[in-house]
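> Next come the chains, spelled out residue by residue.
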Amino acid sequence: MRTILDLKKGESAIVEQFIDESLSCKLLTMGILPHAKITMVRVAPFGGAFYLKLNGLNVAVRKNEAATIIIKD
Amino acid sequence: MVQREKPVIALIGNPNCGKSSLFNILTGLRQQVGNFPGVTVDKKIGATDLGQGTYADVLDLPGTYSLYPNSTDERIVTEILTHPGNPNYPDFIIYVLDVMNMERHLLLASQLIDLKIPMVIAINMTDIADKEGLKYDSVYLEKKLGVKVIPISCREERNIDVLKNTVLQLIKKNEGIPDTSFHSFSRADIETIEKLKPYLEETNDYRTLLIAHHHDWLKSKSAAEKINIKNLTDQAHFESIKSQINETMGRFSKFTPYLRHMQSKDDLKSESLTDAIDNVITHRIFGPVIFFGIMLLVFQLIFSWSEYPMTWIEDAFVWGEQVVKEFLPDGWFTRLLTEGVIAGLGGIMVFIPQILFLFLLISFLEEVGYMSRAVFMFDKLFQKFGLNGRSIVALVSSGACAIPAIMSTRTISNWRERLITIMVTPLISCSARIPVYTVLIGFVVPAGSIYGFNQQGLAFMGLYLLSIVAALGSASVFNLILKKEDHSYLMMELPIYKPPLWKNIFFTVKEKVLTFIIEAGKVILVISIILWFLASYGPKADMAQAEKQAIQLAEDRNLDETSSEQLLASLKIENSYAGHLGKFIEPVIRPLGFDWKIGIALITSFAAREVFVGTMATIYSIGGTEDEATVRERMAAEVNPITGRPVYGFATSLSLLVFYVFAMQCMSTLAVTKRETKSWKWPVIQFIYMSLMAYTGSLLVYQILG
Numbered sequence: 001m002r003t004i005l006d007l008k009k010g011e012s013a014i015v016e017q018f019i020d021e022s023l024s025c026k027l028l029t030m031g032i033l034p035h036a037k038i039t040m041v042r043v044a045p046f047g048g049a050f051y052l053k054l055n056g057l058n059v060a061v062r063k064n065e066a067a068t069i070i071i072k073d
Numbered sequence: 001m002v003q004r005e006k007p008v009i010a011l012i013g014n015p016n017c018g019k020s021s022l023f024n025i026l027t028g029l030r031q032q033v034g035n036f037p038g039v040t041v042d043k044k045i046g047a048t049d050l051g052q053g054t055y056a057d058v059l060d061l062p063g064t065y066s067l068y069p070n071s072t073d074e075r076i077v078t079e080i081l082t083h084p085g086n087p088n089y090p091d092f093i094i095y096v097l098d099v100m101n102m103e104r105h106l107l108l109a110s111q112l113i114d115l116k117i118p119m120v121i122a123i124n125m126t127d128i129a130d131k132e133g134l135k136y137d138s139v140y141l142e143k144k145l146g147v148k149v150i151p152i153s154c155r156e157e158r159n160i161d162v163l164k165n166t167v168l169q170l171i172k173k174n175e176g177i178p179d180t181s182f183h184s185f186s187r188a189d190i191e192t193i194e195k196l197k198p199y200l201e202e203t204n205d206y207r208t209l210l211i212a213h214h215h216d217w218l219k220s221k222s223a224a225e226k227i228n229i230k231n232l233t234d235q236a237h238f239e240s241i242k243s244q245i246n247e248t249m250g251r252f253s254k255f256t257p258y259l260r261h262m263q264s265k266d267d268l269k270s271e272s273l274t275d276a277i278d279n280v281i282t283h284r285i286f287g288p289v290i291f292f293g294i295m296l297l298v299f300q301l302i303f304s305w306s307e308y309p310m311t312w313i314e315d316a317f318v319w320g321e322q323v324v325k326e327f328l329p330d331g332w333f334t335r336l337l338t339e340g341v342i343a344g345l346g347g348i349m350v351f352i353p354q355i356l357f358l359f360l361l362i363s364f365l366e367e368v369g370y371m372s373r374a375v376f377m378f379d380k381l382f383q384k385f386g387l388n389g390r391s392i393v394a395l396v397s398s399g400a401c402a403i404p405a406i407m408s409t410r411t412i413s414n415w416r417e418r419l420i421t422i423m424v425t426p427l428i429s430c431s432a433r434i435p436v437y438t439v440l441i442g443f444v445v446p447a448g449s450i451y452g453f454n455q456q457g458l459a460f461m462g463l464y465l466l467s468i469v470a471a472l473g474s475a476s477v478f479n480l481i482l483k484k485e486d487h488s489y490l491m492m493e494l495p496i497y498k499p500p501l502w503k504n505i506f507f508t509v510k511e512k513v514l515t516f517i518i519e520a521g522k523v524i525l526v527i528s529i530i531l532w533f534l535a536s537y538g539p540k541a542d543m544a545q546a547e548k549q550a551i552q553l554a555e556d557r558n559l560d561e562t563s564s565e566q567l568l569a570s571l572k573i574e575n576s577y578a579g580h581l582g583k584f585i586e587p588v589i590r591p592l593g594f595d596w597k598i599g600i601a602l603i604t605s606f607a608a609r610e611v612f613v614g615t616m617a618t619i620y621s622i623g624g625t626e627d628e629a630t631v632r633e634r635m636a637a638e639v640n641p642i643t644g645r646p647v648y649g650f651a652t653s654l655s656l657l658v659f660y661v662f663a664m665q666c667m668s669t670l671a672v673t674k675r676e677t678k679s680w681k682w683p684v685i686q687f688i689y690m691s692l693m694a695y696t697g698s699l700l701v702y703q704i705l706g
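So the sequence lines, in the order shown, correspond to chains W and A.
Mapping of the first sequence onto this note's numbering: position 33 corresponds to residue 33, and the numbering continues sequentially without gaps.
Mapping of the second sequence onto this note's numbering: position 294 corresponds to residue 294, and the numbering continues sequentially without gaps.
These aren't lab readings, by the way, just hints derived from the structure by calculation.
In this text, a Cβ means the ideal position worked out from N, Cα and C, and glycines have one as well.
Not one of these hints is a red herring.
Covered stretches of chain W, going by a simulated chain A footprint (3 or more residues, C-beta under 8 Å):
| # | region |
| --- | --- |
| 1 | 14-25 |
| 2 | 28-39 |
A few chain A residues that don't get close to chain W, going by computed Cβ distances all over 12 Å:
| # | residue |
| --- | --- |
| 3 | S138 |
| 4 | L365 |
| 5 | S564 |
Put together the whole structure using the sequences plus the hints.
This is the structure in structure tokens:
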């Protein structure tokens, strides 16, 4: 089972599902949906936050939030 | 429904959709900022002329992604829309949607459709879409959603008349209610709705469902109602999170196909430009370096731009005092007016240039999209201190004034992180401390340069660094003490870079400056008047004695009129209530190296820290000057009668500087902390911990160096 954390800088993957239910509500609301193609753009300078890109949306999420997004192998 | 003279139109949309731009265009200078009752969320409202002599009140609601809110700001939208009896319940909704992010922005649109409130959808940013060659089919969307759709551009003020006229016609004809519901509820949701509807006497299915989701924090429901709603939803086996996931996914899967039909989206220029900029701006190494470079530039600009206007304002108030003194007969009322009211007003106004320029630059950075990158970069670092990436806006703003800075923490959704930010923000050196530093720094560091840097300039920077370290250090302590509660989120959109809309910057700056004038102003004014009283009046016998002594001394020394007046003022303040207070606290502040004269200055600094300079001028009888150089010269000449050494020696001056870095000497800030935390507990703790830090810091400095 791979999550966003397993993506290298610049790598893309397809979102499969989410681990945390209450967090997934918030991710869905921002348009981070299953089957969406998501790109890991970069890690923040002091670590801990990820710059993600999907479908025209640039979004910053924390490491523990990114860890709940499962991607397809 | 609430009966009104003028219809209320609510502007609703996602963050960064351009809603505020539309609000500024519609209302212009008629806008007012207030508060929603019971919560500290800005309520922006203003009248607009829809044409044909019909006016409406436009209400700018906080940006939100859905009716399932994450923060206090966002909750207000759900609160209002689920309660038709709410005084702010809109008669009409203009939903603002960013054409460049149409898919995500349709989620909230589809939720509003199901609430069956009359509405139109304004597709914004069509100018960018046209430049990018991005197609959108508003006629198709209108047919699919069953509401009027109007393409507009706030940047070019395109089609605003069409939008206004459409709203006017719909309001006049009582139309605009969406034809059909958008979402088909799941069986479980229907069961909950059926159970709850009769109890709530509701007519709308979606509103009923939202109440089922949110009843535990909705203010429109009483405690007893909450229990009943909970029981009913339990009976229906309602699972809030599951239901929300289903609903959101259901909505997306219905409207995502519309986009394929309507939009062709290839590589967009604005997006690739944003990517290119972010490659540098959020880079691991360049990112933070650029940030600090920008901040240095910002503060450099603020200080150089505000130098002249501040002098003009000071001069204007001094002139005003003289004019009043000349035209009114001498007496307590004239003195109250000049030394209390006018001097107090001057003390507020003098900070306006710095605050204005700081917010001009910050809102510029915010408007182009830079601030959210700073939040992204520093989030992890700040989390270690119990803060949030979003705290950076507050910490930077407090370089000018803690009051607007504390108010800017409203965007932090986690209460604990917001509270810690509020608690430590006043430690950052604000503009009121600068005059005090300017006077004292010369006693600690001699003029001259070291390795090509101005020594006193470096010391100045040292004081700022000390304040930042103190703020982060205190945050860590609060982080250890305060109980960890619910989960905290970052999850923040990084919008594409756009050229700024100057109109938006103008209104933001105007709002912040007005907030400062009103919030700080009323407190500073009242305290100035109290302090004027304390410094001008004292026990009758003492004051008479002081007057006699002054006349005697003036005769002995053969002083001219001005000098004897200054001598009288100095002896009067010594024997006034303020002087007695200063002497009363002297034993407490003696170990810090302070005498009763400094004690008086510490007390008067409660109005605003810079009053220190004026008080020193009075105590050392150099008349009505507020000129820092003159005050410093006179202070340098002051000798301790017992030891024969200068009063403002290295140890005392440094101790005093440290005291001003840490001490909570601003009543207005405490008042704002009280309002934002809705309790007396936090301002009291803030006052105590900062005073303790100041006292211990100064004690250590003086005892080690003195």
